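Colleague: Okay, here's what each chain looks like letter by letter:
Protein chains: 2
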Amino acid sequence: MSSERNYLAIATQSKKAANILKTVSNKKRCELLYKIHDALKQNASLIEEANQKDLKESISNNLSSALIKRLDLFKNNKFDIMLQGIEEVIALENPLGKVLMKRQLDENLTLYKKTVPIGSLLVIFESRPEVIANIVSLAIKSGNACILKGGKESINTFKIMAKLINDTLVNNFSEYGIPKESVQLIETRDDVNQLLTMDDYIDLVIPRGSNALVKRIKDMTKIPVLGHADGICSIYLDEHLKASDKFTKIVIDSKTNYPAGCNAVETLLINKKLENWDIFLKTLIDAKVTVHLMADVKKSFLFLNPDLASSQFVADVNEKEDFDKEFLSFDIAVKFVDDVKEAIDHINQHSSKHTDCILTEDEKTAKFFLKSIESSSVYWNCSTRFADGFRYGFGTEVGISTAKIHARGPVGLDGLVTYQYQIIGQGQIAGDYLGSGGEKQFNHKDLDFTEEENDD
Amino acid sequence: MSSERNYLAIATQSKKAANILKTVSNKKRCELLYKIHDALKQNASLIEEANQKDLKESISNNLSSALIKRLDLFKNNKFDIMLQGIEEVIALENPLGKVLMKRQLDENLTLYKKTVPIGSLLVIFESRPEVIANIVSLAIKSGNACILKGGKESINTFKIMAKLINDTLVNNFSEYGIPKESVQLIETRDDVNQLLTMDDYIDLVIPRGSNALVKRIKDMTKIPVLGHADGICSIYLDEHLKASDKFTKIVIDSKTNYPAGCNAVETLLINKKLENWDIFLKTLIDAKVTVHLMADVKKSFLFLNPDLASSQFVADVNEKEDFDKEFLSFDIAVKFVDDVKEAIDHINQHSSKHTDCILTEDEKTAKFFLKSIESSSVYWNCSTRFADGFRYGFGTEVGISTAKIHARGPVGLDGLVTYQYQIIGQGQIAGDYLGSGGEKQFNHKDLDFTEEENDD
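Sequence order for the protein chains is A and B. Using the numbering used here, read the first sequence as starting at 1 and increasing by one per residue. Using the numbering used here, read the second sequence as starting at 1 and increasing by one per residue.
Derived by calculation from the structure, the hints in this document are not laboratory data. Please read these numbers as outputs of a predicted model, since none were measured by experiment. A virtual CB, placed ideally from N, CA and C, is assigned to each residue, including glycine. Please note that the accuracy of each hint is not assured.
Unchecked claim - Counterexamples of contact, computed for chain B against chain A with all Cβ distances above 10 Å:
1. N19
2. I118
3. Y176
4. H240
5. D331
6. D345
7. D362
8. E374
9. S377
10. D455
Said to hold, decoys possible - Selected chain B positions facing chain A (in silico; Cβ < 8 Å):
11. L63
12. F303
13. F330
14. K364
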């Protein structure tokens, strides 16, 4: 796969497959997914063997234990959860051909707005091998072709699973008519780089992995990217609250429940008028979180708590960097603000549009905050860690998007569909209507579409 | 406005204004729009004076009559239609704060999905001066800040209208709190080029003008672009139809009603099995359309119609170019296809994803075509010329988009909003739930939101 011609073939065949796959009924797409589910299940031992090989190589290559943990497909029921995930996707409502609008433009001239697949997806993920099953089931369920690139650490697991999926497509082609190019595999970073230039054929790129991966991809392509580079989440402590368990728990959970998560909090903004604000910092320190304090915060905090002057968990903030980065660790940057407006300004300027939160007992302030924050998710009185497709009830998650348009926040199946306008007429021409040379008028009568069934 | 610092100021102030504008109620945003409407109306003579100056300069610069016609704001009631357009936008439903989903994640932990503005828009248009009123009313109605760049031919008209709009913002700031930077003006192409690099602040670019303009902008920026470069629309003549008036009229209207329009047809695909197919070509020739024929089409056509062998309206197709370009004139490229599948393949490969149409009396073939075509609009038995926001009943049109995601096809106010997730809790933390260390389970109960009112 080294010549330019082959990349073009991958991209054009993906687009071609997408245009066939989208015409296959939901019933058939789901039946095929069951066959993929069964093929993976029946060949669990083959997959485990490949996975063991990946694990051994990773251990001998001294990869981090966190990475190795992600690689292991057969620990903590991960394999079964993966298979269950396919069934859950199958059980979801058919996302295609759903009528979103139905309008009579004139007698026997009807405009429909319907959901359709996006087309061809390029999905790049890192070490977790179960992602291939998630992505393939989501793609086929939503009628999109996909080109997949997995992490090199899980290459053996990935290859055998990909082969099983592809064999299933080939073996069932005569029955379902779903081309095998609906799921294509690429292996190297160079493959990705070449395909990222093919914006005429590939409609959406979904990188699932490190910030560095997402940033690199966003910088390299004109194709829309569904994902997030950073998760710089903030919590604003308003003056209208008591420094009680209810609120300190939220801050602790947001920071410590899973600090490597993109939805972990990185910045704490404290209203100067809040009473006993230092309790929040002491609770963080008790939880072994290093608080990076602005000079004025530090001065006030140590004045109130002189015994903590030499604590290893009290540090200075680097103002130029710390409000614009993910710590991904037991660290948090802390700043005073005068009021909710200053908090909003800080967040809209520094946040990565992921998830931000206000803690307050005052409804008016909360509603102003909710309305003012640009981020894809914004919360009032709960942990930032809830920003997650499973927690939102979306089933299998495609990713979390910090873009301003199309899919935002945690993205489920909805993020893989778009819409199309269809008009069904009986010979009408524009020249008969006012404004284009004729006398007829449009009536623009919205019709009830709640009873419309999806195309199938 | 030549230093880099000033561009950064324009972009950051626009973003800042957007974040204030979005918190202003619909009622106030509409009241301000009425004041803008009145300011333009009361100063019609000033605007006409400036418009006359632009017209005189354009005439002395030998600009084309088509361009001069577009420039003239006081012909054919254009000025009154423009003012009426502002009122129509005011009358539209509030697009913001609309609940799209409401889900109980757990008791007293509720997820909302709500419409929000996109943020800061960069709108670039060419000669038609009335566009400024359209764009400003749409932007303010939808809570988006906008940076505007008009065509240099209409600079005088544009400047006075922009001044009137800005004065209205300044004079009413104390009452509505809408910052004057909600509408900012830039004047040169260099200004545009600089702002196109500011993807951290500007959320959407809307070019309204020539293909060349849109192509140039798409090539220059990473900011999402709402628009279309080409409108390569096709009509497929299926075998299941009679070559009667009903169908020839559609082809003629699609080609000749307004050939310069992006929704005019450029390609005619004819099923080989269609009887009397040559009638379509003869009707086109009668309408003074030059038919550019593939060799086999030409041979068959002239065999059936030897008298047309020397017609000036019969030409060869340039296969390498003519199916991938907009003629924008009384020209059409013509090709035989074996069946609907070949027509679909041709269209999905060559069309610009604008609007394509099938003519047929066979419902099954029509539905297969509707389901297979990638374009943002796809029609059965009516003119491609219906692809237009006014005809779709969207009120003032933002543009027509050939993108695969976000806004597609004719775009009204909906294209200027996106959504945001909001969670309102009472102290819930992720660590209490299954999967993150606790025992609690989410209930994911969808709640009725049909009675929810928009935020205001």
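Colleague: It remains to establish, for every hint, whether it holds in the given structure.
Modeller: For each hint, the structure was consulted:
1. N19: violated, 5 Å
2. I118: The claim is violated: I118/B sits with its nearest Cβ about 6 Å from chain A, within 10 Å.
3. Y176: Non-interface label stands for Y176/B: nearest chain A Cβ at 16 Å, farther than 10 Å.
4. H240: Since the minimum Cβ distance to chain A is about 14 Å, H240/B lies beyond 10 Å and the statement holds.
5. D331: Nearest chain A Cβ is 19 Å from D331/B, so the label holds.
6. D345: Answer for D345/B: violated, closest chain A Cβ roughly 8 Å.
7. D362: holds, 13 Å
8. E374: violated, 7 Å
9. S377: violated, 4 Å
10. D455: Its Cβ does come within 10 Å of chain A, the nearest being 6 Å, so this is violated.
11. L63: Violated, because the Cβ-Cβ distance from L63/B to chain A comes to roughly 25 Å (cut-off 8 Å).
12. F303: violated, 29 Å
13. F330: violated, 15 Å
14. K364: violated, 12 Å
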